[in-house]
Structure formats: C-alpha cells, structure tokens
Amino acid sequence: AQTVTQSQPEMSVQEAETVTLSCTYDTSESDYYLFWYKQPPSRQMILVIRQEAYKQQNATENRFSVNFQKAAKSFSLKISDSQLGDAAMYFCAYRWDDKIIFGKGTRLHILP
Amino acid sequence: ETGVTQSPTHLIKTRGQQVTLRCSSQSGHNTVSWYQQALGQGPQFIFQYYREEENGRGNFPPRFSGLQFPNYSSELNVNALELDDSALYLCASSSRLERPGQETQYFGPGTRLLVL
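Protein sequences appear in the order of chains A and B. Residue numbers for the first sequence follow this note's numbering, so the first one is 1 and each next one is one higher. Residue numbers for the second sequence follow this note's numbering, so the first one is 1 and each next one is one higher.
No lab work stands behind these hints, which were simulated from the structure alone. Glycine included, each C-beta is placed from N, C-alpha and C at the ideal position. Incorrect hints may have been included.
[Unchecked claim] Which stretches of chain B does chain A cover? Using the computed rule of at least three CB atoms under 8 Å from a CB of chain A, they are:
(1) 40-46
(2) 87-97
[Claimed, not checked] A few chain A residues facing chain B, derived, Cβ under 7 Å:
(3) Arg43
(4) Gln44
(5) Met45
(6) Leu47
(7) Phe91
(8) Asp98
(9) Ile100
(10) Phe102
(11) Gly103
(12) Lys104
(13) Gly105
[Claimed, not checked] What follows is a list of derived Cβ distance ranges for each label pair:
(14) Thr5(A) <-> Thr104(B): 19 to 27 Å
(15) Thr3(A) <-> Leu83(B): 20 to 28 Å
(16) Phe60(B) <-> Glu61(A): 26 to 34 Å
(17) Gln83(A) <-> Glu82(B): 35 to 43 Å
(18) Gln57(A) <-> Arg15(B): 44 to 52 Å
(19) Ser7(A) <-> Leu114(B): 28 to 36 Å
(20) Pro9(A) <-> Leu114(B): 23 to 31 Å
(21) Arg15(B) <-> Asn67(A): 39 to 47 Å
(22) Gln69(A) <-> Arg63(B): 34 to 42 Å
(23) Thr5(B) <-> Lys55(A): 29 to 37 Å
(24) Ala16(A) <-> Gly40(B): 23 to 31 Å
(25) Leu111(A) <-> Gly40(B): 21 to 29 Å
Pulled out of the complex, with its shape left as it was, chain A reads as follows (with noise of 0.2 Å):
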C-alpha cells in the first residue's frame, strides 16, 4: 500500500531565511506525481508546487523547489527567503491513477 510520511511535525524558520520540510513515499508504482500542498489557517489548500515521477529535473516555483530523489522514494521542499505569509500547514501528497494520499503535515512557523 502507498503511504507518505512527513517527520517533522513542525518547523520554525526566521524570515528570510531558508527552510527544507521532508517527505517519504512508499510505492510499487513507477510514474506517478507528487505534490506540496499549503494550507493557511483559512484553511484553503493550495498548491504550492507539483512533480512528475517520469521527470529527473527538479521542479522549482519561484522561492519553492523541490528535492525529488526516485530512488529513495524522497521528495522534501526547499523555501527560499522565507516570508511570515509561508506560515500554515504543508502537506506533501502522492498521486497515481485516481489515488491521492496526503501525509500528515508539518506546521511551519516564520519567526520575526
């Protein structure tokens, strides 16, 4: 069974500083995407960036980016310049065919 599994329960990082939240995945499966969600007390989930398993290159969305290693099932996220607006819930999320697993989150607090 496909699992995703988020280590750190919460993260704190200084504004403008850079922060690394890490995930794992489980599958058999070989070409499947991958996704950061963000969600802000809201509680709106939104994207914040996506991967496809068939692609080697590393996704990047503006002060996000990902570091996606197939081989190790490892998939973490890199924010840039940390802003207090980054502050909310991130949750990394496996999907193949019609399945979407979430794993448990990681709150990130942005420190003043």
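Dock chain B against the given chain A, drawing on the hints supplied.
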C-alpha cells in the same frame, strides 16, 4: 474564472442524522473529489466523480455517498452520522486529462462538520 466553492461553511448535527454537503467546481473542470480532514491530520480521499459517475473510492463505508450533476457540481451525503465523522470536508475540482492523476486539483475552503 470562479474558484471552487463549498456550502455550508459550518454545520452542527447530532449522531444518527444525515447531512448533505455541496461543492461547485471551478469553471471548466469536470471532475470533483471529496476529502475528509480530521483535526491535526492530512486529508483522506473519500471518492471522486467524473461525468456524473463515481470514479475511485477511498476506505470509507457506503454511508458516505455522492452525486455529480450535469453542471459538474457535486454533493457529499453522509448517513447515520457518527461522532468520528466530525471533520473538515474538502472538495477539489480538476479537469480530467487523458492520463488520470496528471491533472492538478484545486481545493475549496471546506465545510466544518461537528457531530454531537
């Protein structure tokens, strides 16, 4: 382009009752997925609707059912409510492509259900 909307925002029910939650998908999207998010947890996939038919289901009992309408909006129905059904219910819409799973899901703000 309007985003995904859900109603109501909050709801209180008692054990044994039935509830209907509603979701309007983003313009141009033909697929709706429903998730249950318990407090402090990640969302759990309930089911997905595509072209008015259930197309994929998570590990939820049959008392969780749904509908999708011709305009692609959707309802989630839960019968015989239990205390553990208290959660945030999220819907997400997407435009299904040839390869299932390829499309990006856009989430609504959720309905907070409390079962007493």
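Going down the list of hints, with the structure as the test:
no.: 1; hint: 40-46; result: holds (count 6)
no.: 2; hint: 87-97; result: holds (count 3)
no.: 3; hint: Arg43; result: holds, 5 Å
no.: 4; hint: Gln44; result: holds, 5 Å
no.: 5; hint: Met45; result: holds, 4 Å
no.: 6; hint: Leu47; result: holds, 6 Å
no.: 7; hint: Phe91; result: holds, 5 Å
no.: 8; hint: Asp98; result: holds, 3 Å
no.: 9; hint: Ile100; result: holds, 5 Å
no.: 10; hint: Phe102; result: holds, 3 Å
no.: 11; hint: Gly103; result: holds, 5 Å
no.: 12; hint: Lys104; result: holds, 5 Å
no.: 13; hint: Gly105; result: holds, 5 Å
no.: 14; hint: Thr5(A) <-> Thr104(B): 19 to 27 Å; result: holds, 23 Å
no.: 15; hint: Thr3(A) <-> Leu83(B): 20 to 28 Å; result: holds, 26 Å
no.: 16; hint: Phe60(B) <-> Glu61(A): 26 to 34 Å; result: holds, 32 Å
no.: 17; hint: Gln83(A) <-> Glu82(B): 35 to 43 Å; result: holds, 41 Å
no.: 18; hint: Gln57(A) <-> Arg15(B): 44 to 52 Å; result: holds, 51 Å
no.: 19; hint: Ser7(A) <-> Leu114(B): 28 to 36 Å; result: holds, 31 Å
no.: 20; hint: Pro9(A) <-> Leu114(B): 23 to 31 Å; result: holds, 24 Å
no.: 21; hint: Arg15(B) <-> Asn67(A): 39 to 47 Å; result: holds, 46 Å
no.: 22; hint: Gln69(A) <-> Arg63(B): 34 to 42 Å; result: holds, 41 Å
no.: 23; hint: Thr5(B) <-> Lys55(A): 29 to 37 Å; result: holds, 33 Å
no.: 24; hint: Ala16(A) <-> Gly40(B): 23 to 31 Å; result: holds, 29 Å
no.: 25; hint: Leu111(A) <-> Gly40(B): 21 to 29 Å; result: holds, 22 Å
The structure shown violates none of the earlier numbered hints.
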